[in-house]
Amino acid sequence: MSLTSECELLECIPLFKHVDQSKRKLIAMSSDRLTFGPNEMVFREGDPSDAVFMMLNGAVRVIKQDEERSIELARLSGGAVFGETGVVCDTKRSATIVTIEETTMLRIDSRIFMELVEQVPQVAVALTRELADRIERTNQRLLSQTAAAG
Amino acid sequence: MILASLPFYWMSLDIPKRIVNDALQGRAFEAGATEATLFSFSLPLPEALGGSLTISDGFAFDQLGYLLALSFLFLFFVICNGAFKYVINIEKGILSERMLRRLRFELFARMMRFRPERIRAVKPAEAASMIKDEVEPVGGFIGDAFIQPAFLGLQAMTALIFILVQSVWLGAVALAIVLVQAFLIPYLRREQLRLGRLRQLASRKLAGRIGEMIDTAPMIHVHGLKTRSEAEIGNRLGGLFDIRAALYKRKFAVKYLNNLLAQITPFFFYAIGGYFALRGTLDIGQLVAVIAAYRDLPPPVKELIDWDQRRADVQIKYEQVITQFAGETLLPDDPAPDEIKPIPANAPIDVRNVTVTDQRGTPLLASATLELKRPSHIAFVGSSSSGRDHLIRILGRQTSNHTGRVFIGKRSVGEMSDAEAARLMSFVPSDAIMFSGSIAENVAISLQRQPPTIEARNRRTRESELSGNPIVTDEGDWFDYRAADASDQSELKRRIVETLGRVGMRDDLYGFGMQERIPADASDELKAAILDARATIANDLAASDMASLIEPFDFARFNDQMSLRENLLFGVLDENPDKPGWVEFNTFYQSVAYAEALYRPAIEMGLRIAETAVEVFADLPPGHPIFERFSMVNVDELGELPDLIRLGRADNGVDNLPSEAATKLIDLAAGYIEPRHRLGLITPELKERILRARKSIRRHLPEICRDQIEFYDAKHVITSAPIRDNLLFGRTAQNTANAEQRIAEFLRKSLPKLGLDDLIYSLGLDYDVGPGGRNLFAEQRAAVSLARSLIRHPDMLILEEAFSAFGRDRKAQLIDNIRADYAGKTVVVTFGADETPEGFDQVVTFDGPRAMLKTDTSSTSQSRDDSDPDADDRADDDLVTTDGTEAALAMKAETS
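If you're matching them up, the sequences are chains W and D in order. Its first residue numbered 1339, the first sequence is counted upward by one per residue in the numbering used here. Its first residue numbered 4, the second sequence is counted upward by one per residue in the numbering used here.
Just chain W, same shape as in the assembly (with noise of 0.2 Å):
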């Protein structure tokens, strides 16, 4: 796969979906491009949020783990990102993430994903743009389950 068709994929994603072209391959540029086998952690819960990952195709599992049993709480396919907000608000990876396939990722590292934050506007504004949807989901979410408890 070349930075090209990764840039593609990138523009799939619904973060980098108004990110111009050109600074989708920089941030390509800026990535590994790392392939995991099946049943691969690729992070662990407590972990230190040393990078954003961008999955190009495969599919993940999310655990939480909690005193006793792991939960799983979601599983993510290709087009996903995930460790962004680690890494913005500075905080230990929340979730361990286990491959169930041979999965293909880019991973960038925390501080040039921050770098690109400060200096490419573009970038900013989908991040800022991405954290909003996800708080206004959220939110949603917490109206409809309040108004089903009531």
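It should be emphasised that the hints constitute simulated quantities derived from the structure, not laboratory data. Predicted model, so just to flag it, every value in this text is computed and none were measured. Please note: incorrect hints may appear among the correct ones.
As the list claims (entries may be wrong) - Think about it this way: if two alpha-carbon atoms lie no more than 30 Å apart in a straight line, the pair counts; the simulated DSS-like pairs of lysine-lysine are:
1. D:K690 - W:K1363
2. D:K258 - D:K126
3. D:K320 - D:K258
4. W:K1430 - D:K752
5. W:K1402 - D:K814
6. W:K1363 - D:K667
7. D:K814 - W:K1430
8. D:K814 - D:K857
9. D:K208 - D:K254
Model the placement of chain D on the given structure of chain W, informed by the hints.
Chain D in isolation, oriented as in the chain W frame:
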């Protein structure tokens, strides 16, 4: 020297007269004498002592010999005059340079004593230009200031007196002409100078207006203002023409007058002098000598006039420069090291009625009054817009623009000299300041406070003394090893590594070390140790599940993790164009590329890389860290790429490329690594061709080019390659998940056992941080800045937002580390309004401009004075008011 030169000058004027009168006209040979005596000297004495004392009887000459002797004597005095001028000019030049050096140094030294707010207002480029360029004519003039008028004035006076001695009338004429020159010409020149300045101003305004019109051209077109704009520029050009015409008139009028005065004087000499000569009151020799003396008169007078004008110009320039550096707001000068009285470690910080206001008078810090115990750990909590930043900056001597007083013990913080303050405290700002150089240099610069002893005085030290400069130079060992608990360089290096480890940079240092080359002066033992380590690492990796993470250097295989050039050469190229064999190597390299059909693919790759670089990096600022790290091109070359692309993409462009453009494109391709750059440019066919070319290069490399390449060889250390390549003898697979981290972890565990980890850290210290630290990430820069202060163990550490580049967890960890290291010393740290510092002895909270102190005697810090019997009586977490007698005071805060 000038006075000594005058008799020689006089003689050079007098001898021509004697040549004409005595030798040519034969006055020395009157009354039929065939010989005349020359060089006879006698000393007149009173009659009682014998009348006179003959020193030399002289030498007898016939008329021709007499003429030749006088002529050679004249030549001797001419040579002496020249020699005097030479020596005086040299001395004058040296004096000028010495004074220029003194002036520059004093300006720099004075600027270094500016108070913080004043130095922040200084524009670096302006100050540098002032010290470098603007004082140059001032310093240069200092040599002329006294010598020139003395030398020229006395020379002119000698010539004038000589003329007067020959003839009072001719002397009076010469004096009158000189007076006219001395007063009229400068007067006319003043107007010329005024017009010159006017021309400069008018030209500058014209240029500004043209620039403005170019900027506003669209608006001019929209509103049809072209005619009006043209009329304005025409009018300005007309004004400029008038000034220039007036200037020309004045300039040539002065020239005309000068020439006229110079020419008219000989007229008087010929007419009046000739009249006296005919009447017999002046002999021909005297007339010739007067004319010769007058020829020497105008140049000194003219030069004196020029000197006066230069003096006026230089005075203006001097005053302009001095205005910028004048003022009383200076820090005290550094006393001698043994005169600095240490401030006791328990002397409290006493802040009394300290107020900072903005330009409108609004208080930013309002009447803060508090006494902070030392040693203690103090937290300043508040938002960045509160008084927090103002007070910590006052404490750290970063601003002195306040009312009220801040004392540590008996010393006012603002009145301490740098040397005194640096001995007591260290301030770490939020913005890490980095210098070009290595990490070690950036950390240890804070220790360079111990001037080396001067072994022997030499010409340079004497010259420094004469110029008022320090006699000690920056060369030599300036390190204050004791402050870092070290005794020599190698121990200091260990302390730097330890300190960087305390601020969380140990792993970074390790990574940097791995990228560095083996030291050029590496011993054979070290090389043997590296080869042993290479073998051990290869065995250990083979026995683990990590063997597949390394792609080894194998002559028979294309290595995906290596650049195209590395693959082609299977070694490291020494890119020093001055090395013998460089030209031959390039010719050979290109011929191999042609022979193996690599030329066209390399050009095509270069074009693709150039296009990508232009697309991705074109609008990033030059020197941007992302550009530096990921671009395949140098920042200087980015501007050339569009032209290269245009040439290469033209019809038959590849075939018609100029050789320089082709070389640049091939160079771009040479740095390409497929898994890293991922442009999909490496095909299996290309790999095959490169492997063929690799064999050709190895087989046919000319003898003269042997030193250009250091081939990868499993049995030898590759001194041109990074130590990581030497240890792994291969490259980490960049596209395998976590390969880099796993291999790094593996090496970190293996190398201590192999005795090489000290070498890696030491090499890491040599990593170049780049201009302004651009080769480091923000948090690495902040860590280096922290380490710079920590390494010299000051009594008081002041941290103003020094952790802003770090994440929350790392900040907390760093503060814990620093507080543990600073038990028994004073640390002042800022926290945000939403943060709750734990375990600090004293917490000052800031609410807008108001400050409030909270003392926590239950803290874990050792800052408490356990011998204080009243300590237990003080309330934990208590607020104490200013009117109490307690050591800890709350502060009164007032807003006006």
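Legend entry - Hint check against the structure, violated hint numbers in rising order: 2
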